[in-house]
Amino acid sequence: MEISDIFWNASLEELKRGYIQDNDSYLCLLCGEKVEKGIVYPHENIFYEAERYMRIHIELTHQSVFESLLGMDKKLTGLTDHQKGLLRLFYQGKSDKEVQEELGLGSTSTIRHHRFALKEKERQAKSFLAMMELLKEKDQYAPAFLPVHKTARMVDERYNITQEEQEKIISKYFPEGTNKSLNKFPPKEKQRLVILREITNQLKPDHMYTEQELNQILKAIYEDHVMIRRYLIEYGFLDRKPDGSKYWLKK
Numbered sequence: 001m002e003i004s005d006i007f008w009n010a011s012l013e014e015l016k017r018g019y020i021q022d023n024d025s026y027l028c029l030l031c032g033e034k035v036e037k038g039i040v041y042p043h044e045n046i047f048y049e050a051e052r053y054m055r056i057h058i059e060l061t062h063q064s065v066f067e068s069l070l071g072m073d074k075k076l077t078g079l080t081d082h083q084k085g086l087l088r089l090f091y092q093g094k095s096d097k098e099v100q101e102e103l104g105l106g107s108t109s110t111i112r113h114h115r116f117a118l119k120e121k122e123r124q125a126k127s128f129l130a131m132m133e134l135l136k137e138k139d140q141y142a143p144a145f146l147p148v149h150k151t152a153r154m155v156d157e158r159y160n161i162t163q164e165e166q167e168k169i170i171s172k173y174f175p176e177g178t179n180k181s182l183n184k185f186p187p188k189e190k191q192r193l194v195i196l197r198e199i200t201n202q203l204k205p206d207h208m209y210t211e212q213e214l215n216q217i218l219k220a221i222y223e224d225h226v227m228i229r230r231y232l233i234e235y236g237f238l239d240r241k242p243d244g245s246k247y248w249l250k251k
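Per full-length UniProt numbering: the sequence shown = residues 1 to 251.
None of these hints come from the bench; they were simulated from the model.
All residues carry an ideal CB built from backbone N, CA and C; glycine is no exception.
All clues stand as given, with none of them false.
Distance condition first, Cα-Cα at most 16 Å in a straight line; then the derived EDC-like pairs of lysine to aspartate or glutamate:
hint, residue 1, residue 2
1, 250, 239
2, 184, 223
3, 246, 211
4, 34, 59
5, 84, 122
6, 37, 51
7, 34, 24
8, 172, 198
9, 190, 234
Label-pair restraints from in silico Cβ distances:
hint, residue 1, residue 2, range
10, 177, 95, 54 to 64 Å
11, 95, 223, 51 to 61 Å
12, 180, 8, 22 to 32 Å
13, 76, 233, 11 to 21 Å
14, 116, 180, 53 to 63 Å
15, 139, 97, 46 to 56 Å
16, 76, 136, 12 to 22 Å
The task is simple: from the sequences and hints, build the whole structure.
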């Protein structure tokens, strides 16, 4: 199961702490890093048990769960850039007066109004979540939609894809199987998204690729490897250094 699938299936408490656990390990919901139980991990000459080390990993790699969630696309959080800025300052422990001065907004009463609006959004979110959970028990015709990957850019209608649609698209464009080459690149956005997502399964999640390494892998999948590489970046699957010397899967 992909890390995005695990992320969206996590409980609220698991999302708040940023990791889940199973019988043998802890898994970071923000990047997929896994640490095994029963092993001690060193950090700055101190050894930590696995769960404590996972919390250190989140702090060092992601700054905080809050910052990581705040950095997600606004279509995934429902927050405007302005609301994100307010939340970040509130999280830093700033007073209404300090927030007002830093953002240059009207007065402290303006900030209190924004706090109230965010609280109202929280109440609405709780009610909606409860309704959707109850709906799952009754809606027998609901299709199984693919979860949107956390690093997606410009989340829109093209992400409206069911598992059944995904299987048909993959069969059409990888007729000999996903371990073989792509017969052609899809013309439609939704089809492209499915195919690009499948291509990322052939890349290692924790590997830094040189341009030559990445090109070699993509050439085996499709002749126009430069186009594939460009779309992987455009759709938020891949990232790179400004000079193009290194590429890696976004998490």
